[in-house]
Amino acid sequence: MTAVQNRTPRPAAQLPPRERLSRWANKNRKWLFAGPSMAFVALLLVIPLAWTLVLSLTDSKRSVRRPFDFIGLENYVEALTDTERFWPSVGRTLAFTGGALFFELILGMIIALLLWKPFRGQGLVRTIVLLPLVATPVAVGMMWRLLFEPNIGFVNEFLSWFGIPAQPWLADPNTSLATLTFVDIWQWTPMVALILLAGLTGLSEEPQEAARMDGANAWQRFWYVTVPLMRPVIIAAVLLRGIDALKTFDILYATKGKGGGAFHDVETLNVYAYGLSFDYNEYGLASAVLILFFLMILAIIWVIQMQRKATS
Amino acid sequence: MKYGSSAARVFAVATTAVVAASLVACSSDSGIDEGDSIEGTTIRVTLANHVWTETIKDLIPEFEKESGAKVEITQLAEDQLSDQYNVKLNAGTDEIDVLMYRPLQENKLFADNGYLANLTDQVEGDKEWDWSDFQEGPASLTTYDGEVVGVPIITERTVLYYRKDLLQAAGLEVPTTLEELEAAAKAIHEANPDVAGYVGRTGKSAAVTQLSAFLYSFGGDWLDGTDSLIGSDEAREAYKYYGNLISGYTNATVNPEMSWPEAFAVFQQGQAAFIADADSLYKNMTDPSQSTVADNVGFAAFPEGPAGSKPYNVAAWALAINEQSANKSGAWEFIKWATSKATSLEMAKLGVSGARASVWEDPTANADYPAELLEAIKVNGQNGVGYDRPLVIEVAKAREIVGEPIVVAIAGGDVDAAIDAADKAFGEFLLEDAE
Amino acid sequence: MTALAEGRVSAPARRRRRPFRWGPVGRFVGLAVIIVMFLGPIVWMVLASFKLNVQIYDSSQAIIFEPTLENYGTVFDPRRGNYLVYIWNSFFIAFMATGLSLVLAVPAAYAMSRFLMNKSATTVLLARIIPGVSLLVPWYYIFAQLRMTGSFLPLILSHMFVSLPLILYIMMSFFDQMPEELEESAQVDGLTPIQAFFRITLPLSISGIATATILSFIFSWNNFMFALVLAGPSTKTLPVAIFDFIGYASIDWGALMAASVVVTTPIMLIALFTQRYIVSGLTAGATKG
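Chains as they are written, first to last, in the working numbering: chain A, 387 to 698; chain B, 118 to 552; chain C, 835 to 1123.
There could be a bad hint or two in this list.
[To be verified] Here are the simulated DSS-like pairs of lysine-lysine, each with C-alpha atoms no more than 30 Å apart in a straight line:
1. C/Lys953 x A/Lys695
2. B/Lys453 x A/Lys644
3. C/Lys953 x A/Lys416
4. B/Lys541 x A/Lys644
5. B/Lys541 x B/Lys514
6. A/Lys644 x B/Lys495
7. A/Lys447 x B/Lys400
8. A/Lys447 x B/Lys225
9. A/Lys644 x B/Lys514
10. B/Lys466 x A/Lys447
11. B/Lys466 x A/Lys644
12. A/Lys413 x C/Lys953
13. B/Lys453 x B/Lys466
14. B/Lys514 x B/Lys174
15. B/Lys458 x A/Lys644
[Unchecked claim] Going by beta-carbon spacing under 10 Å, a handful of chain A positions derived as facing chain C:
16. Leu401
17. Ala411
18. Pro559
FYI, nobody ran anything at the bench for these hints, they're computed from the structure. We put the CB at the ideal spot given by N, CA and C, even for glycine.
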């Protein structure tokens, strides 16, 4: 992009200072515009990242102001060989994210298809669908905490109308992670649905028509025409939602507190790192876990991006 | 310190220099001077959500008028409070002058990290305020390495809550021994299949403090120096007894993650006959807006085990001064006022049990308490042990280790194997913790 | 955004050509389930906020009960805390963080879009990826050294750390779709490139900026983790204040629900009136293909 100058360029030295500044600014506008943002983010990002990286190589604990020793990669070895807390957290992080994404995509697609064609009251339904995703996550956590309360919660009351016995939900380590995955699905399916809906409305008609001419039924047209065309949109939704799901913290903290419950049953990597920092005060190990977590997120994004490139 | 590489050394030296510089900068004005006027200063106080806090907030205007200082309060829930301390005190903040903290959980850690100012001279210097008036158990909890670092404000003991109506219907006396307790739980459950004989905390970490009374009463303890004692025969009996008491006399599936709110809810809804838990929570039982059995709650001293009745009697909360505070004189004036005999008496009248012996003896102080509860508190106070969990630096970790066998005992698994494993892990933990 | 506009035009045409196969009944049931599923819990939370704790405990009063304002009285009781101040704090921080982020991020998004600075953009987006836990202690430490703790500045800066990449992301995809011809012709008319940006491009970007502003405001308002550790007594925000009703000796469910309603109501009202922008912001970039 070259700027078109309609003035006769004069040597810079002859210009008044204002003009000179203007020319300099226009010439360097790329960095003048982008620089401050990048500097801001870098400042707030680089120092903590370097700090975390350095601490991850030390035995810092109890307080970061205590003297510490450098112990090389020992924290990483400890984390990576820890089958009691670290690997289960990895598993829970992936199960939570995977489970949430899977259902959010399916339900989101169903909702998007239902909302695809205009009908009376469509605006109202769209607004209602929007509410969960703008609601404050901590408040959502509290709301579901009461709804799922085994003794006084409405969910068990509702089930009892159909003769279904009370379930422990969040209180039982076997069901708590699934319950919280449900809460995540409740809150974020709308976002996936809206993204997919935007994708659907952008599709052209011709392939659908062609498929219809060939005698394809509704399901076939959906599966063999719509889904492949929607692939880039689906991948984008997975990327946007996936990053946030991996880092979920608020609803886990609001419903189960530090450590992810008495059995660490909802302890994802983020919650584990938080607990290591603020419950156990093991800053060295916590930093190593955070770095591993960061690398894991980057790797997942990289894989999805490769998928994205492959499709486009 | 030993360092791996030269680059690392440079960084470490730089960090240490920054830290040292900031420490020097902050601590140059250390020391509490009782002669200092605190008029016009601001005292920043960080408090937990608690009846005590609600009460002190009503009284603070008086203090502000007397002293001329301004008190600024930050109030947080227990967990958020401890998170904030672990960030703020950790970074060496001077944003906090007075902190309300949990001595059982945090005294060793905070004192060992140098977060808490040494108050020995102050507490011992003021005869009128009278440090010796504080009960020994709670006072020992806020002492570290011979230095007094905090002043207890709230104490609690295990008390046995029971259902008067159920006991009466079954024709039973209030149990005074653990054997009688188990028999009563059994009898009541058999007569009322919907009611659990006993409910209690079941969560791994949460149950540890309530197990402690059973552990001590069976003659066991957590540790001796760096040796784990949870593998002893007495401890094994206590674990098994506690597990069986909760899971043995109920038809309901036991929620394995109960802390006090969940366990209390069961009792409040009339679904259990007994629960032993902190007496400081009694209003949850007697408040008709929360409890359907408010009229039928009885209170009893903790039953005797083979080693007698040994409930805990601990300081749940205390006040301390941040070592980095720039207004330590003001902070001390505040603590002195908030823990004075007069204020403690005021607190007691509103149902907050403090640590001052003189207040417990004052008949006007405790008029609000149910008489039966007051009696139980007195007995428990005399028998009480000064801690309800292993007193180590990394308490959160220790609780998880010694709590594991409780879970197994309640679930009906192989308790001995679980204790063996926990005993070993706890021994290793203690060595590391003592470093 | 353009995708949505197209949808609005082409959809009625489609309806005429082929009726929906599932039949109106299935469609109605589906929509009813969606409404109940997403609205039900929120309605129930609002109902609970008008109940005394005994009523919450009593299942016979699940739907029909005598409402009370007592919980709201508790929430706004000046002795307990100061919710009016917390509301103001949340608003002020979200407003400042959004405003300052816009100032920094809109020109940056423009430059990154026009000069195809993909690597730089990716670097900024790292801020969205890094786990927040790793930032807390270092940030607080630095802010404490700079004597900034207790003021609004650390909170505004930390919220900007969330807002700025978000705005950058939305605005980049907005500028990507905006034709360059207008700016170029403006430059032919004698404007410098910077003047062209301020006089031509910015006024045309109002809808994109509105989208970015609303979303940034919502994200800042909802942020919990940074405020949890960085907020002082006078800078506490609403999501942190919710925990006021979880006491040492009891959970006040009624007040907890009332507090949750107080936190979510402003943001839901904003959502009601600006839903078009929110949708286009959330889907920005996703439908580029």
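Non-conforming hints, listed in increasing numerical order | Going through the list in order, the structure violates hints 2, 6, 7, 10, 11, 14, 15, 16 and 18 and respects the others.
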